[in-house]
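Q: Could you put the whole structure together from the sequences, leaning on the hints where they help?
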Amino acid sequence: KAKKKNKGKKVKSLGAIGVVNKEWIKKLAEEKVCFHCGKPGHWKRDCKLFLAFTAAASGSGMFIIELNLAYKVSSTWVLNTVCGTNICNSLQGLRNARRLGAEDAFNLRLSDGSRIITGDVGVFYLIFPSGYVLKLDPCYYVQNLIRNIISISYVYKLCLELF
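In full-length UniProt numbering, the protein residues as written are 1 to 163.
Hint data in this document are derived by calculation from the structure and do not stem from the laboratory. Here the structure is a predicted model, which is why all the values come from computation and not from measurement. C-beta atoms are modelled at their ideal positions from N, C-alpha and C, and glycine is treated no differently. Please note: incorrect hints may appear among the correct ones.
[As the list claims (entries may be wrong)] Derived Cβ-Cβ restraints for the label pairs, each shown as a range:
{"#": "1", "residue 1": "D104", "residue 2": "C159", "range": "19 to 29 Å"}
{"#": "2", "residue 1": "Q92", "residue 2": "K48", "range": "44 to 54 Å"}
{"#": "3", "residue 1": "V123", "residue 2": "Q143", "range": "14 to 24 Å"}
{"#": "4", "residue 1": "F106", "residue 2": "F35", "range": "31 to 41 Å"}
{"#": "5", "residue 1": "K39", "residue 2": "R98", "range": "50 to 60 Å"}
{"#": "6", "residue 1": "K39", "residue 2": "N96", "range": "57 to 67 Å"}
A: What follows is the structure, encoded as structure tokens:
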């Protein structure tokens with residue numbers, strides 16, 4: 001005779017494995033059992049482990065740009081694969097510049113943790129020794145930036161438009 005398998009049993013679990021009984025979930029909610037750590041006495045929104053986990057993940061959307069290998073001249077340009085915008089540190093080459101209002105300004109965070117806000121936006125014409133001119137539109141002005149940044153994603157989009 002073949003052995004019968006235990007079919008139809010539901011597994012009580014907080015994790016993603018198994019089927020969770022709805023009545024058991026209601027009972028846990030009434031007893032204030034945390035759905036993150038499983039300990040009674042607090043909700044998930046008050047769980048210290050969950051708050052620490054979400055605080056560690058709060059950096060989404062933040063890009064850290066390291067410019068360690070750039071030359072010591074502040075007029076140099078660096079190609080960046082992460083940053084989605086072109087940023088310059090001099091108003092001298094910025095054409096058709098306009099002052100950004102508080103609602104339009106970007107809030108940038110540097111690798112040292114400090115925050116800077118973009119002040120102006122315009123068009124920057126970058127002239128190469130070969131005679132080629134790269135039009136960076138838009139290009140944001142940030143006074144305290146060490147190097148100028150060219151966005152690779154911007155150059156890629158520009159190449160797609162040309163060809």
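Q: For every hint, state whether the structure bears it out.
A: Verification of the hints:
Here the CB-CB span from D104 to C159 is close to 27 Å, well matched to the stated 19 to 29 Å. A hinted range of 44 to 54 Å holds for the C-beta pair Q92 and K48, which are about 51 Å apart. Judged by the Cβ atoms, the range 14 to 24 Å given for V123 and Q143 holds: they are separated by roughly 18 Å. For F106 and F35, the Cβ-Cβ distance of about 37 Å falls inside the hinted range of 31 to 41 Å, so the restraint holds.
At about 55 Å, the CB distance of K39 to R98 agrees with the hint of 50 to 60 Å. Take K39 and N96: their Cβ atoms lie about 59 Å apart, and the range 57 to 67 Å holds.
Violated hints are absent here; each numbered hint is respected by the structure.
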